[in-house]
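Asks: So the chains spell out like this:
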Amino acid sequence: MKKVFEIFLGILTAFGGFVDIGDLVANAETGARFGMRLAGVVLVGVVGIVIYAEMSGRVATMSKRPVFDVIRERLGARVALVNLAASFFINLLTVAAEIGGLALVIQLVTGINYLLWVPLVAIAVWIVLWKVRFSIMEKVFGLSGLALVVTALALWRLDPGFVNTLASARGFGPPPTESWATYAFFAIALLGAAMTPYEVFFFSSGAVEEHWTRKDLLVNRANVYIGFPLGGVLSLAIMGCSAALFEPRGVSVDHLSQVTLPVSATVGKLGLVFLLYGMFAAIFSAALETALSAGYTVSQFFGWQWGKFVRPREAARFHIVILLSLCVAVLIALSTLDPIAVTEYSIVLAAAALPLTYLPILIVANDPAYMKDKTNSMFLNAIAFIFLVVLMIVSIATIPLMIWTKGGA
Amino acid sequence: MRFRRARQLIALLAVTAACIAPTRTEAAYQAKAGDTAEAVVSAARTVLVTARVAAAGQSFGPTLAVTVADVEADAASARDAFASIQPPDAPSDAIRRHLLPEVERAVGVIELVRIAARRDLLDRLPAIAAPLQPIAARLDRLATRFG
Amino acid sequence: MRLSDLIGSVVVDAEGDEIGDVGDVWLMQDGPPMGVFGAALRVDRLVIGRFGLASRAGYERPDVRGPVILARLLGRGTKHRPVASWSDIAAIEEGRIRLRRRSGDLERPPSLEQPATGRHWSAGLELLDRQLVDPDGMMAGKVDDLRLELRDEGPPIVTEILAGPGALARRIGGRPGAWIASVHARLHTGSGDPAAISFGVVGKIGDHVTLIVSRKDLATFEAEAWARDHVIAKIPGSSEA
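Residue numbers (this note's numbering), protein chains in the order written: chain A, 1 to 409; chain B, 410 to 556; chain C, 557 to 797.
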């Protein structure tokens, strides 16, 4: 009984914690520009993150070593350092984006300019990281993120025949007003938003933080295989709301404030409360995860003691890296770059860096020295490999597309 | 996706160059006109939805005010960017003559809506925003014409 | 001499032809006794030929099979690289090793075979970049490099594990390496030598290297202690879990 409850809680936490500022921005913007034509990409992204997150959790559970730790061993110091540099930089951008997003949410509630909130939000994030236990932190913010379910309600009210709309948008390709290049670029952004690299670092380190053993593999699978796709449904709901309200009007979504309109218009003030609360919780949880990932990746590369499962005194350098990362993120968020722009950069660059992160995981997940008897099945290997090929193509295409479409303008 | 800041940073060169050196072709100018019209339509229609939501009591004052202010900034910067471009030839002058006044009208109304929203006069917003309806329709037609 | 001095060096045979780079060093555990670890590791063979991703991925080992396409692509053909034993070396110069034998005369074993006595270790695959863990389960750094002590009789033995940025810098090489080295030198006034851990305190080598001394007693703990005392300890709540 306790096990069932644990699985249930885990699923809900994964469900509520799935969405972050990248998903909000990418899905809302795409819905307004392309309707539901890119919905398939979200599904692909969800499958991808499900596969690789489960793998990284399994690697950490069986070998007791999180992913980045093993990357250095498997790929050597030089390649791992390149990997670290790229991942760390993108991770920093993501932290800045999440903090900016939180500040924007507070601005929506108070009306006071977001810049004031940026440092306060960062301090709040750090305090939670410092004081609150890992599992409590995860559960509280993850479950609170479930409030975003209100977007599904809003969508149903906006467009009760939604299932029909989805089917009608099955046509492949951009609408006549948009180019294939922009279509592809938005697809990459959606992929990057769904399959963020920090997720696998965090997930595998989290498995060690929570001292998972072989007995927890089932929980791991359930969380990932059920919780994440449900989170993907939320992403699609956000896209759908945007598509239903904004696409017919030729409105393009560039601000978080616009994202509140579909929910307000259909569910009113109460719905808006849920939305803002859910947004805050989901983005806060993402801010915690990315900040921790900054510490995890650097510490695991150099072999330092890391983790919230030891006292801060015992993992001093780990906590310093987190502190410094938050400071740099604040500086980025306070720069003239607006948070939505930072978010857009972070997800696109994340998409480009995905093969770097995922290839080592796939390799290690097949190594019995780490996995004992839980290596990948052939079927899983096949799908994961196909994904890797797709991601490599995406990676190569990203920068040229970004230049060609002037950032999706 | 509008990398607004990125455009202003990387394409700052282009805009400054556009001020110094004229946009070569009428086609390029026309394309810019089309983009500007689209941007302002987007802002205007967002304001219309926001006004409706405000009057129906479906949102909060601060949220609504931020929404209007956000899209007002979009519209204003689109107008500024377009207005600062040197039209290359006589047909472009005509494009400018058709587009700019409409855009100015739109921005003006949006400003009024923002002021009212910040003063929490939520039930008056639809009335104040009403002129945006025909303006947006006209701008839409211009956008389609300019491609 | 450090292991990183050997790995990556160009190997030239007796006739002056370049054979390749030293990709790996095989160690045999039959040297003089060294602390708890037992017999010290001695340099047995130099493996000539760069490490491909395939070796790193473990595809040289028969028990690693999937994903099949990846294994095929990366090429299982990393076996049969020429190896040279220490006695084949005529001279070691800066970045170059000259052999006494001709390239065609060198053995080309299929892969790392385990002899009847003693135990073969691949320095590159099984020692380098491994996590160091102390008896309390705390993490103490990585094996960034190894110090080899040259002996008059026979091949050199591994005497110390080198850890920390001072050691890592040389492995990485190039400009990033030089930058790391200079930062390390500036932070550790005194010798610019990397932190060393005697191999005598190594308990076991498995998927990580277990030490028998607490990490607090290691030279590599200096930076962590500094971070703790000067920053973290000053923040309230640093002693709570």
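Calculated from the structure, these hints are not laboratory results.
Don't take every hint at face value.
[What the hints assert, rightly or not] From the structure, some residues in chain A lie toward chain B, with a derived Cβ separation under 8 Å: (1) V109; (2) P160; (3) G161; (4) E210; (5) S252; (6) H255; (7) P400.
Please read these numbers as outputs of a predicted model, since none were measured by experiment.
Don't be surprised by glycine CBs; every beta carbon is placed ideally from N, CA and C.
Asks: Indicate, hint by hint, whether the structure satisfies it.
Replies: Right, here's what the structure says about each hint:
Evaluation of the A:V109 hint against chain B yields a held restraint, the C-beta minimum of about 6 Å falling below 8 Å. With a least beta-carbon distance of about 19 Å to chain B, the hint placing A:P160 at the interface is violated under the 8 Å criterion. Contact between A:G161 and chain B, as hinted, is not supported at the beta carbon level, the nearest pair being about 21 Å apart and thus beyond 8 Å. The beta carbon of A:E210 is not positioned within 8 Å of any beta carbon in chain B (closest approach about 37 Å), and the interface hint is therefore violated.
Taking 8 Å as the C-beta contact cut-off toward chain B, the hint placing A:S252 at the interface holds, the least distance being around 5 Å. Proximity of A:H255 to chain B holds as hinted, the smallest CB-CB distance being about 4 Å (cut-off 8 Å). A cut of 8 Å between beta carbons decides the hint on A:P400: the least distance to chain B is about 15 Å, and the hint is violated.
In terms of the numbered hints stated before, the structure departs from hints 2, 3, 4, 7, listed from lowest to highest.
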